[in-house]
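**Student:** Quick note, the sequences are listed as chains A and B, same order. Take 53 as the starting number for the first sequence in my numbering and just add one per residue. Take 53 as the starting number for the second sequence in my numbering and just add one per residue.
Misleading hints may appear alongside valid ones.
With a Cα cut of at most 27 Å, we get these calculated DSS-like pairs of lysine-lysine [stated by the list, open to error]: (1) B/Lys283 x A/Lys110; (2) B/Lys110 x A/Lys110; (3) B/Lys204 x A/Lys245; (4) A/Lys367 x A/Lys196; (5) B/Lys237 x A/Lys236; (6) B/Lys236 x A/Lys153; (7) A/Lys237 x B/Lys204; (8) A/Lys245 x B/Lys245; (9) A/Lys183 x B/Lys283; (10) B/Lys153 x A/Lys236; (11) A/Lys237 x B/Lys236; (12) A/Lys153 x B/Lys237; (13) B/Lys245 x A/Lys237; (14) B/Lys117 x A/Lys283; (15) A/Lys236 x B/Lys236; (16) A/Lys245 x B/Lys236; (17) A/Lys283 x B/Lys120; (18) B/Lys245 x A/Lys236; (19) B/Lys245 x A/Lys117; (20) B/Lys348 x B/Lys140; (21) B/Lys140 x A/Lys237; (22) A/Lys196 x A/Lys245; (23) A/Lys140 x B/Lys237; (24) A/Lys245 x B/Lys237; (25) A/Lys236 x B/Lys140; (26) B/Lys80 x B/Lys58; (27) B/Lys290 x A/Lys283; (28) A/Lys120 x B/Lys245; (29) B/Lys245 x A/Lys204; (30) A/Lys283 x B/Lys110; (31) B/Lys290 x A/Lys290; (32) A/Lys140 x A/Lys196.
Hints are computed from structural coordinates only; laboratory data are not their basis. Everything numeric in this text was worked out from a predicted model, so none of it was measured.
2 protein chains.
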Amino acid sequence: NYEYIKKSLLKDKNVVTANKAVVATYSKDLYDICCRSNASLKFEASVGGGIPIINTIKDNLSSNKIEKIMGIINGTTNFILTQMAEHKMDFYDVVKIAQDKGYAESDPTSDLEGEDTVYKLSILSNIAFGKNVSPSDISSQGIKKINQEDIKYAAELGYNIKLLAIGDNSETDLELSVEPAFIKKNHPLSSVKNEFNALFIEGNSVGEIMLYGKGAGGMATGSAVLSDVIKICSLTGKEVLLTNTKGKIISSASREHRYYVRFEVVDKAGVLGKIADSFGKENVSIESVVQKNVEKSTVPLIFITHNTTRDSLMKSIDKIKNFETVLGIENIIRILD
Amino acid sequence: NYEYIKKSLLKDKNVVTANKAVVATYSKDLYDICCRSNASLKFEASVGGGIPIINTIKDNLSSNKIEKIMGIINGTTNFILTQMAEHKMDFYDVVKIAQDKGYAESDPTSDLEGEDTVYKLSILSNIAFGKNVSPSDISSQGIKKINQEDIKYAAELGYNIKLLAIGDNSETDLELSVEPAFIKKNHPLSSVKNEFNALFIEGNSVGEIMLYGKGAGGMATGSAVLSDVIKICSLTGKEVLLTNTKGKIISSASREHRYYVRFEVVDKAGVLGKIADSFGKENVSIESVVQKNVEKSTVPLIFITHNTTRDSLMKSIDKIKNFETVLGIENIIRILD
Chain A
53 NYEYIKKSLL
63 KDKNVVTANK
73 AVVATYSKDL
83 YDICCRSNAS
93 LKFEASVGGG
103 IPIINTIKDN
113 LSSNKIEKIM
123 GIINGTTNFI
133 LTQMAEHKMD
143 FYDVVKIAQD
153 KGYAESDPTS
163 DLEGEDTVYK
173 LSILSNIAFG
183 KNVSPSDISS
193 QGIKKINQED
203 IKYAAELGYN
213 IKLLAIGDNS
223 ETDLELSVEP
233 AFIKKNHPLS
243 SVKNEFNALF
253 IEGNSVGEIM
263 LYGKGAGGMA
273 TGSAVLSDVI
283 KICSLTGKEV
293 LLTNTKGKII
303 SSASREHRYY
313 VRFEVVDKAG
323 VLGKIADSFG
333 KENVSIESVV
343 QKNVEKSTVP
353 LIFITHNTTR
363 DSLMKSIDKI
373 KNFETVLGIE
383 NIIRILD
Chain B
53 NYEYIKKSLL
63 KDKNVVTANK
73 AVVATYSKDL
83 YDICCRSNAS
93 LKFEASVGGG
103 IPIINTIKDN
113 LSSNKIEKIM
123 GIINGTTNFI
133 LTQMAEHKMD
143 FYDVVKIAQD
153 KGYAESDPTS
163 DLEGEDTVYK
173 LSILSNIAFG
183 KNVSPSDISS
193 QGIKKINQED
203 IKYAAELGYN
213 IKLLAIGDNS
223 ETDLELSVEP
233 AFIKKNHPLS
243 SVKNEFNALF
253 IEGNSVGEIM
263 LYGKGAGGMA
273 TGSAVLSDVI
283 KICSLTGKEV
293 LLTNTKGKII
303 SSASREHRYY
313 VRFEVVDKAG
323 VLGKIADSFG
333 KENVSIESVV
343 QKNVEKSTVP
353 LIFITHNTTR
363 DSLMKSIDKI
373 KNFETVLGIE
383 NIIRILD
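Please put together the full structure from these sequences, using the hints given.
**Tutor:** And the structure:
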């Protein structure tokens, strides 16, 4: 925990930790302490378990400006989404299996809500972009609302659904978010299954790089911790990995992206037209609509939008949800290309 | 080239090179020279272009014994095999396109025969396994014999065909080979397409790791070279990456693997039985046989073997090829699981 790490560093004792919550939450204080200390703080195991993500970015991609990162960095949610897709199982049934296998904790809230991923993205922003961002400033959406309908439509359109940590540093303001997203089946991240993790990086000279491996487990985490210990032993001076340079965050909701929106509606003529009309009024342009015939009085209605801001999308949806024929806004998921 | 690198190192000048042929061919001499010199030799860009493979293994996986590596480390052949699979195009038509796009040289022999990959595997053996192996001791098979029939049957069985550099250090003797191989569609290496490269690593503590990125191109290679330069600048002493510890090589042909064998045979009763009988006499056990009905007098006949040595396989094939009904042994390809 923080107090222990602080005391050690202030006594010039090197510290190696896997505690992502502490590193992310106290990154500014830890930066200050590291500046005053003659010791080093290393935390490779805090993101991506055994995958050497932090050291690779710091040591081996140092000649690059990193423009974007996209990561599957929570094994629990990736296991759940993979099993849901491969075995057509319901969310809570898979959570149960994940708990039995030790992939999910008895209270899996932090993983499922995206909190664990937010801590890791905060650390990655610090390391990859050199921008200090508090976990509380990162917008986050969990996976609890994802169901078989969403997975089925994603598959039909050529996508998988993954919980992603996304960072875009290509413009002045930094865009960071944790959210489930549609990712094309032929994207390298799409084949990252079950408890595996991967970080996809775009550097201005190296281009696209992906680091893949086991994101958790005693041996993998141990490999990262031991590698940090060996590195500290071979340091001649100290190393300060963190920065306190504040990152100016732009809300993901104000940048343009494509979205998948699933409504549950009454199966009646005119419903589709009325919703499409509301989207049009907020300049939300529709790429495609899917309405399946099911033997029920209520049917799912799926819209895929062209690029639009989530802000505009939500404005129209705030009106649409009051329509008598619209029974529910089941899910809104970002689509990546 | 070698003489220039040698002279520089002997004058205590640091050297950064991307020349895989020199590093692989002269690794023993370069090791001796590095021991005598006060300077460092670095060569990150010699394997996998911009992907930080060598430095990641040396710096960040140092707490692991690396058991196995499998790599797609030649962009030219991977581009060709990807295009052949995706567009059902013939080998030489794709080679032409690769040349036009700059992915293949005007004389692409070194890439197509696997020679380029052999150099890189020799360097990887040195770095990952700590075993010095001359490129001439690595068995190599190129991709020229791969055709649409092979790709089609691979796909039907759930595999892609990739040119792989394979190293197995899990037993006393080291097994190294460069060969096209069937790799399961859900394996992370299967989704490495076109000019991309990737190295799949199994470490005894970290488990499975994959490093993915662009294997060539000026900017990516430049990123690796510059990263080496920055690392050398921050070194306080010198770094000797190579080893001269000789690796004891075991021939891939004497270890057991599964194989795909495609014959062209006369469409006549009894042919299958006679071939199967010959396999049986050498204890080559058959997993499955595929014989497609085609409207010709000669037909392809595909055998998938259980685990067997290539030596046993070749003994039976030496007899089978003399059968009057067997018109040709079209291809023999290893299957990975």
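**Student:** Taking the hints in turn, state whether each one holds.
**Tutor:** Hint-by-hint comparison with the structure:
no.	hint	verdict
1	B/Lys283 x A/Lys110	holds, 11 Å
2	B/Lys110 x A/Lys110	holds, 15 Å
3	B/Lys204 x A/Lys245	holds, 26 Å
4	A/Lys367 x A/Lys196	holds, 23 Å
5	B/Lys237 x A/Lys236	holds, 16 Å
6	B/Lys236 x A/Lys153	holds, 25 Å
7	A/Lys237 x B/Lys204	holds, 21 Å
8	A/Lys245 x B/Lys245	holds, 18 Å
9	A/Lys183 x B/Lys283	holds, 23 Å
10	B/Lys153 x A/Lys236	holds, 25 Å
11	A/Lys237 x B/Lys236	holds, 16 Å
12	A/Lys153 x B/Lys237	holds, 25 Å
13	B/Lys245 x A/Lys237	holds, 13 Å
14	B/Lys117 x A/Lys283	holds, 17 Å
15	A/Lys236 x B/Lys236	holds, 20 Å
16	A/Lys245 x B/Lys236	holds, 14 Å
17	A/Lys283 x B/Lys120	holds, 24 Å
18	B/Lys245 x A/Lys236	holds, 14 Å
19	B/Lys245 x A/Lys117	holds, 25 Å
20	B/Lys348 x B/Lys140	holds, 21 Å
21	B/Lys140 x A/Lys237	holds, 20 Å
22	A/Lys196 x A/Lys245	holds, 18 Å
23	A/Lys140 x B/Lys237	holds, 20 Å
24	A/Lys245 x B/Lys237	holds, 13 Å
25	A/Lys236 x B/Lys140	holds, 22 Å
26	B/Lys80 x B/Lys58	holds, 12 Å
27	B/Lys290 x A/Lys283	holds, 16 Å
28	A/Lys120 x B/Lys245	holds, 21 Å
29	B/Lys245 x A/Lys204	holds, 26 Å
30	A/Lys283 x B/Lys110	holds, 11 Å
31	B/Lys290 x A/Lys290	holds, 19 Å
32	A/Lys140 x A/Lys196	holds, 16 Å
Checked against the numbered hints above, the structure violates none of them.
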